[in-house]
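J.: One line per chain: the protein sequences are A and B, in this order. Following numbering that gives the first Met the number 0, the residues of the first sequence are numbered contiguously, the last one being 319. Following numbering that gives the first Met the number 0, the residues of the second sequence are numbered contiguously, the last one being 319.
Treat the hints loosely; a few may be bogus.
[Unchecked claim] For each label pair, taking beta carbons as the anchor points, the in silico distance ranges come out as:
1. B:Gly298 with A:Trp19: 24 to 34 Å
2. A:Ser22 with B:Ser73: 38 to 48 Å
3. B:Ala161 with A:Ser22: 38 to 48 Å
4. B:Thr10 with A:Thr223: 17 to 27 Å
5. B:Glu264 with A:Ser249: 39 to 49 Å
6. A:Ser262 with B:Asp259: 37 to 47 Å
These aren't lab readings, by the way, just hints derived from the structure by calculation. Please read these numbers as outputs of a predicted model, since none were measured by experiment. Every residue gets a Cβ at the ideal spot worked out from N, C-alpha and C, and that includes glycine.
Residue strings, one per chain:
There are 2 protein chains.
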Amino acid sequence: MNRAAVPAPVTQVLDAAGSWLPSAMADVERRLERIATGRGGALAEDATTTLSAGGKRLRPLLVLVCAGPEAVTSASRGAVAVELVHMATLVHDDVLDDAPLRRGRPTVLASSGRMRATATGDLLLSRAFGELAGDGDRRQVALLATASVALARGELAQRRDAFDLAVGADRYLDRCRLKTAALFECACAIGDSGTDLAGFGRRVGLAFQLLDDVLDVTGPPERTGKARGTDLIDGTVTLPLILALERDPSLARAELHGIDARSSEELCDRIVASGATDDVRSLARAQVGEAKAELDRSGLEPDRRRLLDLIADGIVERYA
Amino acid sequence: MNRAAVPAPVTQVLDAAGSWLPSAMADVERRLERIATGRGGALAEDATTTLSAGGKRLRPLLVLVCAGPEAVTSASRGAVAVELVHMATLVHDDVLDDAPLRRGRPTVLASSGRMRATATGDLLLSRAFGELAGDGDRRQVALLATASVALARGELAQRRDAFDLAVGADRYLDRCRLKTAALFECACAIGDSGTDLAGFGRRVGLAFQLLDDVLDVTGPPERTGKARGTDLIDGTVTLPLILALERDPSLARAELHGIDARSSEELCDRIVASGATDDVRSLARAQVGEAKAELDRSGLEPDRRRLLDLIADGIVERYA
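Please take these sequences and the hints and turn them into a complete structure.
T.: In structure tokens form, the structure reads like this:
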């Protein structure tokens, strides 16, 4: 992993841990690279594009920290597998959203077309399970399969709810649990089989998605790598809009179908003005607070607990 | 499994086996149904469409026959998993091919759109590995992951080679190995861990694809459920066309880009007239012959061997 490209919260965690964690993360990165370039040709190109677009590597970090220094070697394949599933869904999501950019770079869809992007996603998903078969146990395969089923169900729910301003907070939260929280939960459960850290992962994942949805409304684009209001243009109704609709009834006349970039930014301004984004941020902070309270109850030893606290805080800080 | 819908070769195998095989196939069918309808809502609908479109269930049959009556119970999840992977690739292939029909019925793509079809494919693939996690061993997960990586690579190769009349027989055969033979090989290897039946599966799978490609050229549509020359319209250069190009140099002027249904049927007639389809059929028969010779050498007991012989013959007969 190129440390220069690592976001601050991840760096904090790496610095706070002993050398075992940076070394394990570097090992994960090498494995991911080997998998992406292992076959040559067009695939390698596409998979490498996806890989080098980087990302926070938060999910493998969760796997490794939950495993702790004693179990980190055996958790390494799980960390790789979780990130591969995440990458596969990114590639397929971009196909579904017709997204030209991700993190400021062209998507596999944009550079190689819909067909290669669909096959590349399938391939990354298959490789994820192949990675676990190396020395993972059946429990890990079951956890990853459950999470990856949830991701697909979340994607289906998002399509079903698209452009529907009647979607309420409950349905939105269910979707977040499927689309995001399930893989965070899986990362924690794959890493640690002793203590029950699944609830911690679920809450942190939910907070992560809530804050991601705030960021789509508030920007700034130079930080997110995409224009403000992209979700609105895709018809994705998220909590900031749902709460804004409750606070500002005049917003009910908004129409997402065919909305252009400018109107979408204007709508973002109105959502912020309603106070909805502040409310969603508070909700995310509350989730992080509860996640940390779960750690208090977990009986986890202080070292792992401190690192997980840092990760939870980092998710909030990143969006502060 | 609705016996009325079962193609003749499969029925022959079921009749030739003791009651253990029809009963195990019925169990596979029940599991597939439960998985498809397990979640309710749009997903259940789409997955059930895919399921009830049926198909030959050749791959689960191979798993169970390779396992034999003693190991059939533990092989049942493997049989389900292999069919789920097959179904996932069908759903994604239809997205890539923009195919309105499969086996004479609307595809998930046609009935529910590209987005739901992509997510449904992801879901079926994830469920496949979830099924193995139930009581499958690590060996089975590794085999399925390898096959499902091969399928995605085959799909990528097919896109790369699309519309390219310079693609030769070697590249075509490599593609068939990835796209089709790998999952047949996996089915045999998942079913039987004792004897090496992988080579048998690989050859039978290759013969299956060769004959499928002949059928696209020869039809008749009432048997295949799709128009003749569909591969040509999709730009898929298969062995009948490759060999026809060698035999009839005037075909080199053919242009697949933008070819319409009528010109495609005319091209099919010229491929048949060149004798290429007969040659491909012979090649497929030779593969089946070698597959059976592998059985001779395998030291497999007579009962399983007889059933595998029947399956191999059935693949040829179906296309006779």
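J.: Hints first: check each against the structure and report whether it holds.
T.: Against the structure, the hints:
no., hint, in the structure
1, B:Gly298 with A:Trp19: 24 to 34 Å, "violated, 50 Å"
2, A:Ser22 with B:Ser73: 38 to 48 Å, "holds, 40 Å"
3, B:Ala161 with A:Ser22: 38 to 48 Å, "holds, 44 Å"
4, B:Thr10 with A:Thr223: 17 to 27 Å, "violated, 58 Å"
5, B:Glu264 with A:Ser249: 39 to 49 Å, "violated, 59 Å"
6, A:Ser262 with B:Asp259: 37 to 47 Å, "holds, 42 Å"
In summary, the structure is inconsistent with hints 1, 4, 5 from the numbered list given earlier, while agreeing with the others.
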